[in-house]
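Peer 1: Take the sequences, apply the hints, and build the full model.
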Amino acid sequence: MESSKPHAVIVPSPGVGHLVRSIELGNRLVADQNFRVTFFVVLEFQASAGESQLIQSAIAQKLLDIVVLPPVDVSGQVGPNSPTFTRLTAVMQEIRPTLRSAISDLKLIPTAIVVDVFGTPVLEIADEIHMLKYVFASSAWPLALILYAPILDKEVEGEYVDLKEPLRVPGCKSVRLEDVVDPLLDRTKHEYKVFLQVGSEMRRSDGVLVNTWEDLDTRTLKAIREEEGFGSVSVYAVGPLIKPAGPSASRSELLDWLDEQPIESVLYISFGSLGVLSAQQITELAWGLEMSQQRFIWVLRPPRKKDASADRGDDALNYLPEGFLSRTQKLGLVVTQWAPQSEILCHRSTGAFLSHCGWNSSLESILRGVPMIAWPLYAEQKMNATKLVEEGVAVRSKIAPTRGGGG
1 MESSKPHAVI VPSPGVGHLV RSIELGNRLV ADQNFRVTFF VVLEFQASAG ESQLIQSAIA
61 QKLLDIVVLP PVDVSGQVGP NSPTFTRLTA VMQEIRPTLR SAISDLKLIP TAIVVDVFGT
121 PVLEIADEIH MLKYVFASSA WPLALILYAP ILDKEVEGEY VDLKEPLRVP GCKSVRLEDV
181 VDPLLDRTKH EYKVFLQVGS EMRRSDGVLV NTWEDLDTRT LKAIREEEGF GSVSVYAVGP
241 LIKPAGPSAS RSELLDWLDE QPIESVLYIS FGSLGVLSAQ QITELAWGLE MSQQRFIWVL
301 RPPRKKDASA DRGDDALNYL PEGFLSRTQK LGLVVTQWAP QSEILCHRST GAFLSHCGWN
361 SSLESILRGV PMIAWPLYAE QKMNATKLVE EGVAVRSKIA PTRGGGG
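Residue numbers (the working numbering): 1 to 407.
A couple of the hints might just be wrong.
[Said to hold, decoys possible] The list that follows gives simulated cross-link-like pairs (lysine-lysine, DSSO-like), each with its CA atoms no further than 27 Å apart: (1) K164 with K154; (2) K5 with K62; (3) K173 with K154.
Just so you know, the hints here were simulated from the structure itself, not pulled from any lab data.
The structure displayed is predicted, hence computed values, not measured ones.
Peer 2: Following this line, the structure appears as structure tokens:
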């Protein structure tokens with residue numbers, strides 16, 4: 001009977017990447033663990049093409065009870081230049097009254113709630129309704145840093161990026177200063193305080209789920225479970241959870257073009273749903289592709305409006321060098337909307353992936369056997385890039401420490 005099944009509520013923060021892994025987690029709980037799962041979709045704006053495709057696909061599978069909540073407006077709380085970390089946590093704070101009401105209206109009271117790292121403000125609802133509360137993290141090494149951040153805050157004086165040696169996290173690989181996550185770059189900013197609060201709230205949860213597996217992160221998982229300073233939180237490796245490739249029937253012109261290319265000849269370029277380059281970076285990358293005569297598929301987005309170089313409107317194609325598309329029409333494709341990444345990485349013609357090193361993309365590339373060129377942009381992506389290089393599945397240019405990250 002449905003009423004006898006454990007009932008979990010999953011509430012990811014906005015963004016395609018967050019939706020992908022949370023939907024796959026929900027599907028796994030239903031199919032493998034006989035759960036009932038109510039899945040709340042949180043949107044900051046109207047759903048993007050990628051978000052809409054994922055939502056419709058999840059509805060069609062009929063494994064999860066999908067509830068799309070009204071979009072959240074946080075423009076009065078955070079400025080247009082606010083970092084991703086600050087903006088998403090603000091969205092999850094603002095959604096609490098709506099979510100609280102929606103959960104109360106469910107016929108079957110949930111026994112547990114699962115949020116991602118940005119969603120820890122929602123956990124107070126679990127306390128009110130007496131639900132178990134879990135956090136779903138992407139990768140293990142950044143998780144260790146988040147959990148240990150409240151201790152570092154007490155032990156370290158001054159700015160982390162001004163230290164003369166890497167940040168030491170018990171039992172884990174030390175974090176190089178150039179890999180420090182964006183919220184730790186300036187301890188005077190609001191996002192630093194939010195980061196510390198997230199770490200403290202995760203410590204008070206009933207457990208943390210991580211999208212990894214034991215053999216990939218043996219050392220880090222062992223440290224979180226056994227070393228002092230992590231708050232004795234229970235950690236469960238539940239990965240790898242990635243979006244499966246679609247059926248062969250769901251073809252596109254892009255995949256038809258790939259069919260015509262030589263084996264392992266195409267460079268796939270994508271910086272995720274939130275990652276963007278500056279106008280100058282777009283120009284330089286375009287010239288590099290053209291001069292190298294490298295076959296490519298490039299998922300291109302315009303610079304952020306806060307970027308001074310974003311002076312050619314919202315059409316991403318306006319930022320390409322004049323004549324680039326005509327000169328490279330037989331060499332590659334530029335995609336300005338959603339692209340079927342899982343299918344592209346599975347394709348025999350794809351030979352490498354120029355990636356921002358978001359963990360979803362990293363896992364997809366590892367599991368599909370596609371080597372990566374690492375170009376991390378924000379959040380924990382620099383830490384991910386370092387790990388990928390050490391694992392021998394990516395190459396990366398050398399970068400210098402910086403104050404003030406993007407995203």
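Peer 1: If a hint holds in the structure, say so; if it does not, say that too.
Peer 2: Against the structure, the hints come out as follows:
1. Distance check on the hinted pair: K164 and K154 sit about 18 Å apart at the alpha-carbon level, within 27 Å; holds.
2. Our distance criterion of 27 Å between C-alpha atoms is met by K5 and K62, whose separation comes to about 17 Å.
3. Distance hint between K173 and K154 is fulfilled; the C-alpha atoms sit about 20 Å from each other, no more than 27 Å.
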